[in-house]
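Here the sequence shown stands for residues 0 to 529, where the numbers follow numbering that gives the first Met the number 0.
Any given hint could be a false lead.
Each computed SDA-like pair below joins lysine to any residue, with the alpha-carbon atoms no more than 20 Å apart [what the hints assert, rightly or not]: (1) 58 with 13; (2) 380 with 255; (3) 201 with 255; (4) 24 with 123.
Note that these hints are calculated values from the structure, not bench results.
Since the structure is predicted, the reported quantities are computational estimates derived from the model, not experimental observations.
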Amino acid sequence: METKQCDEITEMVCLESDLQDGQMKEVVVDESKILLVRNNGEFTAVGGLCSHYGVPLIKGALVGDRVRCPFHGACFNTKTGDIEEFPGLDCLPTYKVKVDDGKVYVTTDKKKLKKRVKKMSSRVPGVNHTVVLIGGGPASLQCAETLRQNDYGGRIIIVTKDEQLPLDKTKLSKAMNIEIEKVLLRQSDFLQEHGIEVWTKKEVKSVNTQAKTVTFKDGTSQHYDQLLISTGGRARPLQCPGAELENIKFLESYKDATEIYQKSVGNKAVVVGTSFIGMEVAAYLSDKAASVTIIGSSKFPFQSSLGPEIGKMTMQMLEEKNVKFYTSNGVAEIRGKSGKVKEVVLKNGEVLPADIVIVGIGVIPNSDFLKETSVEIDSRKAVVVDKFMKTNIPDIFAAGDVVSFPLPLVGHKRVNIGHWQLAQAHGRIAGLSMLNQQVAINTVPYFWTMLLGKGIRYAGYGEGYTEIVVKGNTEERKILAFYIKDEEVVAAASMNFDPAVARLAEMLSFGNRITKAQAQSDDLSWLQLP
Numbered sequence: 000m001e002t003k004q005c006d007e008i009t010e011m012v013c014l015e016s017d018l019q020d021g022q023m024k025e026v027v028v029d030e031s032k033i034l035l036v037r038n039n040g041e042f043t044a045v046g047g048l049c050s051h052y053g054v055p056l057i058k059g060a061l062v063g064d065r066v067r068c069p070f071h072g073a074c075f076n077t078k079t080g081d082i083e084e085f086p087g088l089d090c091l092p093t094y095k096v097k098v099d100d101g102k103v104y105v106t107t108d109k110k111k112l113k114k115r116v117k118k119m120s121s122r123v124p125g126v127n128h129t130v131v132l133i134g135g136g137p138a139s140l141q142c143a144e145t146l147r148q149n150d151y152g153g154r155i156i157i158v159t160k161d162e163q164l165p166l167d168k169t170k171l172s173k174a175m176n177i178e179i180e181k182v183l184l185r186q187s188d189f190l191q192e193h194g195i196e197v198w199t200k201k202e203v204k205s206v207n208t209q210a211k212t213v214t215f216k217d218g219t220s221q222h223y224d225q226l227l228i229s230t231g232g233r234a235r236p237l238q239c240p241g242a243e244l245e246n247i248k249f250l251e252s253y254k255d256a257t258e259i260y261q262k263s264v265g266n267k268a269v270v271v272g273t274s275f276i277g278m279e280v281a282a283y284l285s286d287k288a289a290s291v292t293i294i295g296s297s298k299f300p301f302q303s304s305l306g307p308e309i310g311k312m313t314m315q316m317l318e319e320k321n322v323k324f325y326t327s328n329g330v331a332e333i334r335g336k337s338g339k340v341k342e343v344v345l346k347n348g349e350v351l352p353a354d355i356v357i358v359g360i361g362v363i364p365n366s367d368f369l370k371e372t373s374v375e376i377d378s379r380k381a382v383v384v385d386k387f388m389k390t391n392i393p394d395i396f397a398a399g400d401v402v403s404f405p406l407p408l409v410g411h412k413r414v415n416i417g418h419w420q421l422a423q424a425h426g427r428i429a430g431l432s433m434l435n436q437q438v439a440i441n442t443v444p445y446f447w448t449m450l451l452g453k454g455i456r457y458a459g460y461g462e463g464y465t466e467i468v469v470k471g472n473t474e475e476r477k478i479l480a481f482y483i484k485d486e487e488v489v490a491a492a493s494m495n496f497d498p499a500v501a502r503l504a505e506m507l508s509f510g511n512r513i514t515k516a517q518a519q520s521d522d523l524s525w526l527q528l529p
């Protein structure tokens with residue numbers, strides 16, 4: 000049955016008895032995918048696709064009035080459609096639901112919106128308060144949007160040394176020749192409409208916390224009333240003879256991705272580092288470069304973070320695509336000809352021919368410009384913040400990969416974690432703190448990697464784990480790993496095991512204790528997998 004009124008379409012989507020409390024169902028009304036949820040006898044309906052990358056939320060984890068995307072961990076309120084956990088910037092559209100005579104009807108409009116932008120203000124003339132956000136990543140953008148979502152009327156300036164507006168940099172190692180329009184987080188007209196200025200190609204030299212000014216390397220300066228430090232990290236350089244040769248590349252920007260792609264196609268590529276950047280780059284180039292060789296210091300990729308089982312499996316996946324591994328090894332020297340890379344000498348003496356070397360061996364927080372200030376920096380160069388993203392200096396906040404922050408999951412111990420989702424969460428908290436809305440950071444770290452079309456999800460904080468409990472079969476590329484510390488599950492990773500990691504993330508976020516015995520059991524019904 001279908002009824003039409005003006006720009007609305009109402010359809011019967013199911014019987015009331017089709018859904019029990021705590022269940023969800025994907026329905027289609029006028030070609031729009033909609034997620035129908037029943038909780039406490041009440042039906043609600045929101046957009047069926049995650050606002051981040053369009054993943055069907057029916058595959059995710061529903062806990063109470065919240066659904067978590069199985070791929071990348073974004074969470075949405077199933078009553079309001081609001082985004083409650085990142086990644087992604089936008090909310091879900093909501094739809095009217097009516098139950099009549101045991102039948103459930105959903106009403107949609109002709110706009111067919113897949114996502115909904117939260118209501119945002121713009122700059123108010125005459126308000127001369129200024130917020131400066133240093134860094135062009137997700138923390139700065141989320142902070143700016145949070146300010147506007149909460150009726151901040153002052154001036155907002157995002158300052159970045161990048162050449163582009165804020166980008167989805169997670170895509171750059173997975174699709175290195177992607178068009179710029181496909182990686183912009185927001186278009187310029189959106190930013191202009193909401194009074195968010197972005198100064199590109201502008202690098203900060205120093206900050207004067209007394210005078211409240213930021214000085215740039217081009218000699219100009221800018222006053223601030225409140226400041227966000229979200230400068231991220233820079234690639235750790237190679238420490239060996241020849242490290243200064245041409246065609247030794249780091250993936251830090253859109254331009255870097257384009258250059259690595261162009262210089263690798265049909266050429267011999269050597270990747271140094273078997274963590275996330277190195278493995279994603281090697282996987283992407285595996286069918287584009289003449290040869291891809293990857294050098295790692297551990298026996299398997301991701302060994303310290305994900306463990307040997309997943310590491311070995313990902314290694315086999317890349318080896319099947321003719322990527323050659325040199326593990327438990329390192330670079331002793333890089334030799335060149337006419338200033339360009341020619342070969343890489345390994346610590347075991349082997350020599351590898353190379354036209355380009357891509358280095359991914361870790362990051363260093365970008366905090367050097369603060370060294371003349373009293374802003375507290377830890378021994379690893381991270382900016383120290385409290386649970387409200389405040390530094391020790393009034394009106395200075397920090398967020399993202401550059402910070403060391405108290406993580407509730409581990410008893411508020413300070414950690415420095417380079418996850419996209421966390422940077423957004425930090426940015427939101429910082430924005431609220433600037434407006435004196437004291438909301439403490441309370442999020443479960445969640446990240447993902449993509450190799451040859453296969454996704455690995457990870458949730459929790461596994462640092463210091465002492466044991467891994469593995470479910471599934473690495474040969475079939477279907478695996479779920481639980482990381483154990485002090486007889487408890489502190490993190491999980493999976494491939495082809497959705498929505499296990501999303502479900503576990505929800506359990507951890509609600510403070511549920513998951514025991515080693517539960518992880519070891521053949522009965523995983525506690526995970527409520529479909």
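Hints, one by one, checked against the model:
A C-alpha spacing of about 19 Å is found between residue 58 and residue 13, which places the hinted pair at or below 20 Å, so the restraint holds. Proposed proximity of residue 380 and residue 255 is contradicted: the alpha carbons are some 24 Å apart, above 20 Å. The hinted pair formed by residue 201 and residue 255 meets the criterion: a straight-line CA distance of about 18 Å does not exceed 20 Å. Proposed proximity of residue 24 and residue 123 is contradicted: the alpha carbons are some 43 Å apart, above 20 Å.
In this structure, the hints that do not hold are numbers 2, 4, in rising order.
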